[in-house]
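In order, the protein sequences belong to chains A and B. Just so it is clear: in the first sequence, position 97 is 97 by this note's numbering, and no numbers are missing. Just so it is clear: in the second sequence, position 315 is 315 by this note's numbering, and no numbers are missing.
Just so you know, these hints were derived from the structure itself, not from any lab. Just so you know, these numbers come straight off a predicted model, no measurement behind them.
Note that identical chains are pooled: a pair holds if it fits in a single copy or bridges any two copies.
Listed next, the in silico SDA-like pairs over lysine to any residue satisfying Cα-Cα at most 25 Å (straight line):
1) 150 with 223
2) 150 with 25
3) 17 with 107
4) 183 with 131
5) 17 with 108
6) 183 with 266
7) 183 with 209
8) 150 with 43
9) 17 with 131
10) 150 with 309
11) 148 with 29
12) 148 with 226
13) 17 with 99
14) 17 with 114
15) 150 with 40
16) 17 with 129
17) 17 with 65
18) 17 with 209
19) 17 with 102
20) 17 with 119
21) 148 with 40
22) 150 with 27
23) 17 with 100
24) 17 with 7
25) 325 with 260
Protein chains: 2
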Amino acid sequence: MTDLNTLGEIGLIDRIKQATPIPTQPDTIRGIGDDAAVFDWGDQYGLLATDLLIEGVHFDLTYVPLKHLGYKAITFGVSDIAAMNGLPVQVTVGVALSSRFPVEAVDELYDGIRAACAAYNVDLVGGDTTSSRSGLVLSVSVLGKVPKDKITYRNTAQPNDVLCVTGDLGAAYLGLQLLEREKQVFLADPNMQPTLSEERAYLVQRQLRPDARTDIVHELRDLGVQPSAMIDVSDGLASELLHLCRASGTGAVIFDENIPIDDQAYLAADEFNISPITAALNGGEDYELLFTVRPQEYEKLAQNARITAIGYLTADPSQVVLATKAGQQTPIRAQGWQ
Amino acid sequence: MTDLNTLGEIGLIDRIKQATPIPTQPDTIRGIGDDAAVFDWGDQYGLLATDLLIEGVHFDLTYVPLKHLGYKAITFGVSDIAAMNGLPVQVTVGVALSSRFPVEAVDELYDGIRAACAAYNVDLVGGDTTSSRSGLVLSVSVLGKVPKDKITYRNTAQPNDVLCVTGDLGAAYLGLQLLEREKQVFLADPNMQPTLSEERAYLVQRQLRPDARTDIVHELRDLGVQPSAMIDVSDGLASELLHLCRASGTGAVIFDENIPIDDQAYLAADEFNISPITAALNGGEDYELLFTVRPQEYEKLAQNARITAIGYLTADPSQVVLATKAGQQTPIRAQGWQ
Numbered sequence: 001m002t003d004l005n006t007l008g009e010i011g012l013i014d015r016i017k018q019a020t021p022i023p024t025q026p027d028t029i030r031g032i033g034d035d036a037a038v039f040d041w042g043d044q045y046g047l048l049a050t051d052l053l054i055e056g057v058h059f060d061l062t063y064v065p066l067k068h069l070g071y072k073a074i075t076f077g078v079s080d081i082a083a084m085n086g087l088p089v090q091v092t093v094g095v096a097l098s099s100r101f102p103v104e105a106v107d108e109l110y111d112g113i114r115a116a117c118a119a120y121n122v123d124l125v126g127g128d129t130t131s132s133r134s135g136l137v138l139s140v141s142v143l144g145k146v147p148k149d150k151i152t153y154r155n156t157a158q159p160n161d162v163l164c165v166t167g168d169l170g171a172a173y174l175g176l177q178l179l180e181r182e183k184q185v186f187l188a189d190p191n192m193q194p195t196l197s198e199e200r201a202y203l204v205q206r207q208l209r210p211d212a213r214t215d216i217v218h219e220l221r222d223l224g225v226q227p228s229a230m231i232d233v234s235d236g237l238a239s240e241l242l243h244l245c246r247a248s249g250t251g252a253v254i255f256d257e258n259i260p261i262d263d264q265a266y267l268a269a270d271e272f273n274i275s276p277i278t279a280a281l282n283g284g285e286d287y288e289l290l291f292t293v294r295p296q297e298y299e300k301l302a303q304n305a306r307i308t309a310i311g312y313l314t315a316d317p318s319q320v321v322l323a324t325k326a327g328q329q330t331p332i333r334a335q336g337w338q
Numbered sequence: 001m002t003d004l005n006t007l008g009e010i011g012l013i014d015r016i017k018q019a020t021p022i023p024t025q026p027d028t029i030r031g032i033g034d035d036a037a038v039f040d041w042g043d044q045y046g047l048l049a050t051d052l053l054i055e056g057v058h059f060d061l062t063y064v065p066l067k068h069l070g071y072k073a074i075t076f077g078v079s080d081i082a083a084m085n086g087l088p089v090q091v092t093v094g095v096a097l098s099s100r101f102p103v104e105a106v107d108e109l110y111d112g113i114r115a116a117c118a119a120y121n122v123d124l125v126g127g128d129t130t131s132s133r134s135g136l137v138l139s140v141s142v143l144g145k146v147p148k149d150k151i152t153y154r155n156t157a158q159p160n161d162v163l164c165v166t167g168d169l170g171a172a173y174l175g176l177q178l179l180e181r182e183k184q185v186f187l188a189d190p191n192m193q194p195t196l197s198e199e200r201a202y203l204v205q206r207q208l209r210p211d212a213r214t215d216i217v218h219e220l221r222d223l224g225v226q227p228s229a230m231i232d233v234s235d236g237l238a239s240e241l242l243h244l245c246r247a248s249g250t251g252a253v254i255f256d257e258n259i260p261i262d263d264q265a266y267l268a269a270d271e272f273n274i275s276p277i278t279a280a281l282n283g284g285e286d287y288e289l290l291f292t293v294r295p296q297e298y299e300k301l302a303q304n305a306r307i308t309a310i311g312y313l314t315a316d317p318s319q320v321v322l323a324t325k326a327g328q329q330t331p332i333r334a335q336g337w338q
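Can you build the whole structure from these sequences, using the hints too?
The structure is reproduced here in structure tokens:
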């Protein structure tokens, strides 16, 4: 018997993928291995992404309000659709919960789900409700669409492409550290009131109620920019960059001083004695987009405040490195998914 | 605070449905409330069904082999597509599992998933693998298609329509009783070998490795029969008949002597001192199809050994009754979903 931990998540997915037959349905364009499956629906490509959220693994109801959890679950799936350069259309949600939840808790959860559906302009079209013997489980499946000439995979980047990332990174992870600290304070003395300051509001919001970057999908179309490859940053920049490079057969150099990090994240990282770069590389849950563009395309994006160039791709797949201001290069290793 | 048990599953789904806005995407044809959501994909309708399977609620790994569980999970979702008179095309599977499972167990689970995908001719195109703190969780999303003139909802039956059911009912529930009995014997004395006889093989197979009735979807098309309404029998005949009547605004009369029950189920019911009719009405997990046809359509099906007429629909929605040979009528109540 082989311990599951020896494989890791990538190893497990590879193993499942390798044993899965090549799709035979004529409208299946792409199966396992990207952020979403891709189908030929005539005038456009269809997309389907499925995610599972498990209590105690993905969320802690001690500090996650159910309304935020509902919103975040939809964000989770919509972000996968955005990573294919697509827009979400419909969503189904499966919920398993024990009878410790009152009806009002279910209402709260669905309030968040519906708020996200309204924000992303998707229809909630079905799902499943069932009982659970222990924790809360959510499954989210999102259907999306993308014009055929806009579809963006993770395996089509080329050497010399410019690596871009949206928004900022690491804030969600630092928000989690703040919430975990408050939880410990609360557990030690349940009469203590939380002391989360206004100055940390952005970090907590990034952790509890993140938004998927469908705005960027619209913006890239408006700017007439077609990314050469794209992936969403759900498990941390390091892990996603390695996925993209591995799939595309490229290496990469990213510059630490270019990684976009919010001021609040810098301050909190200092407080927790964590390197802000480490938080950005391995923290996860940012739901930003990491994409590449051909060098000649980049100038269309250079003035965009929501998009930052952090490096470029190289021809040697064995070299995925972080370059420091001082000129040092260190290999990037994924930690988020282990 | 309101206890979730006071609502029941139907009440909960109604509550969620009522609070959900009417779909606004132009290609959403039908949202929450049927076996699958329905989309306009140009030349055909698209279908999406999502189901969750939770360890300790839907399955007991003491006697459910993982390969069978994988197969059954796909059957679960494919049956929803068949209930819309559609055929499955692609499937995604989310798996959450703890590290108590070795790699070989994951292989076994996926062997069953792939066997079912081959049997139903669907592509496994993606999903999610994640860790779980306690039990095994599976989520299955199935995409299907149906020609626009073949789509079959549950709310379009009319009085005088003939009620038909495929295969036989109650066997999966009695198979579960057999497995539960063996489990108790095993728990009392782990050295005892299981004593499941060959004569009960059909019941155990119906519980552990049920098939969705895509064959019937093909057959109805071959026969040129368009059902007036359809639903799959996952929670027991009583519950599904009530769903269909409630959605269509009709009543129904079914005849106990007409309910198709396998000989092995009769024998096992006797052994367990359960009424075989009760097993068929409330047992669940049969994955057969319950459908209605206009009276003039029924003769095309009358000679079909896989389809049984069990009654007819009436105009009074308050009267959904079981009629006995002796002429007695008793109201049908759902127990499967409570």
